[in-house]
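K.L.:
This is what each chain is made of:
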Amino acid sequence: MENIKRPSGIINRNFFLHIHANRVHVHSMKPTSTFGLGIILGFLFLIMLLTGVILMIYYTPSVETAYQSVKDIVNVVPGGRIIRNMHRWASQGMVIVVFLHLLRVFYTGSYLGGRSLNWVIGVVLLIIILLSNFSGYLLPWDQLAYWAVTIGSNIAASARELTDLLGITNAFDPGGFLKKLLIGGESVGQPALSRFFTLHVIFLPLSMLILLGIHFWRIRKDGGLSRPVRYADDKGSTNKWYAWPVLMWTELGLFLLVVVVVLFIALLADAPLLEQANPSFPENPAKSPWYFLGIQELVSYSAFAGGLLIPVLYLVFLFSIPYRDKEDSYVGLWFSGKSGLKVIKRSAAFAFLLVILQLFVMIRFGWLRDWFPGISQWFVMLINPATITGGLFILMSEVIRRKRQSSRMAALALFTSTFVALVIFTIIGIWFRGPNWEFFWSHNQWPVI
Amino acid sequence: MERRSFIGKAAISLVTFAGAVAAISYLRQFFPRLAGEKRRIALGDPRRFPVDTFTFLEEHKLYVYRDHEGIKTVSAICTHLGCILEKSIDGFECPCHGSCYNNEGEVQSGPAPRDLAWYSVRRGADGKIVINPGERVSSDEKFLSS
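Residue numbers (my numbering), protein chains in the order written: chain A, 1 to 449; chain B, 1001 to 1146.
Simulated from the structure, these hints should not be mistaken for laboratory data. Each hint should be verified, as a subset may be incorrect.
Claimed, not checked - Just a few of them, taken from the derived set where beta-carbon distance is under 8 Å, the chain B residues facing chain A: (1) His1080; (2) Leu1081; (3) Pro1095.
Every residue, glycine too, gets a C-beta built ideally from N, C-alpha and C.
Could you build the full structure based on these sequences and the hints that come with them?
P.N.:
If you want it as structure tokens, here you go:
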């Protein structure tokens, strides 16, 4: 009895043990159950907060002085370059790890078993991380910043593409409304910088902090991390370990590892800073940060379909997963076993072939406007690789739902295929698009401008 | 209705109403009143523009075209996502997503949803030539300068 009483005495005084359950299941402690991705995200966020506060002290959010103040941070402030590098690389790390975390949670079916609310909070956190990255991009006020946000704000306004076709923009203009809210004007300037600064340093981090608290708390509330059904009613003490000290040491070790990795990268690689923003001349090609290049590729087909319609549908899909699929027997099981793995492999192959085929046709033979000059914008907007891909994926997942009588298999198919497509579009955007967004096999073939 | 319940309901409606007004006024602050985007632009002496050429007016994001008959101006902002167009041999090209327009500003290829906007060029009341970005004209309308 002695050694059971002791830890519970600590619980009341210890913050660590308020986040975690008193005892944690063995399955949750296995590295391959989670790869520690969620907690790594938490640590990266901590690094973002700590480095962000220092950057905020030296940065001035004004069109005239923002660029110079960032230069000062890099060249004058002692250690400023390392702090800025850490901030930049940790933020990119968050984008990578949050997607890995999404993959882990989805493929282990961890939204099942009454965990739907935490899944939804997780998707909101994903959006906040992307928005934080995007708003942070404008602050240095260099060429990349200016044109990325010009493009981004016009994507927000791209509902006009639809309202223009319907001829109702003068009466009903949600695109213009959204753009005005985002950048406070017709083009990116001081109001946009002030707004993005406020978003970046107050609104988004605060929202993230609150939601992160709920996200962690819900894990405990939902009965710990997801685990396979065979462990469901595991009350036996042999399968549960004391969180203190086993989990504490694991997490501390992971924290040190994250700090070391970020510090190491920050010492080796400098965060980019281009020339000061020039509203008259975009870079050619004007590329957004790499993790938005998949969207930029879609946008190059149609602003509305690629920038708004498909991404919004994707988010709706992500949010709806735990409400459409309630097959709790798959909880905590990587890839839902053999049959799930088969569905994943097949839908990945289907997605790969479909996207590559369309890209091949588009790059080799052009698209609608090259074949039928003067074609209506309706066709350009509604028939392009973005919408065709999305439509066929939804169709495929519905076929699988009917055939296999399983909502989990349908979700696996749709999630896998959309993710494969996202990765391919992003790779195309990063490495295979050059000046005027034309296709090039390699950077070496870019024409000299 | 009893007096007590009437007062209770009245109080709740009043508080709700006041809250709604406060919320709307608060949220209204996020949408600034915009002015000045459509201000007229002084063109200056038309003879400063080379003949049969599109000249880029950097600060106004416009191209000015002048030939022996007259002068006209077209927006240099891509209708797709707002990048600044470059002049190509037979039209305009967008560096961001590759939309192409011809010399009349009509979309030839790429994702651009609309043709480019041509703005009216007039002689103002004080005799100076001005561009009015608030007034759209067709691509073949020219200000006859000579």
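K.L.:
If a hint holds in the structure, say so; if it doesn't, say that too.
P.N.:
Against the structure, the hints come out as follows:
no.: 1; hint: His1080; result: 6 Å, holds
no.: 2; hint: Leu1081; result: 4 Å, holds
no.: 3; hint: Pro1095; result: 4 Å, holds
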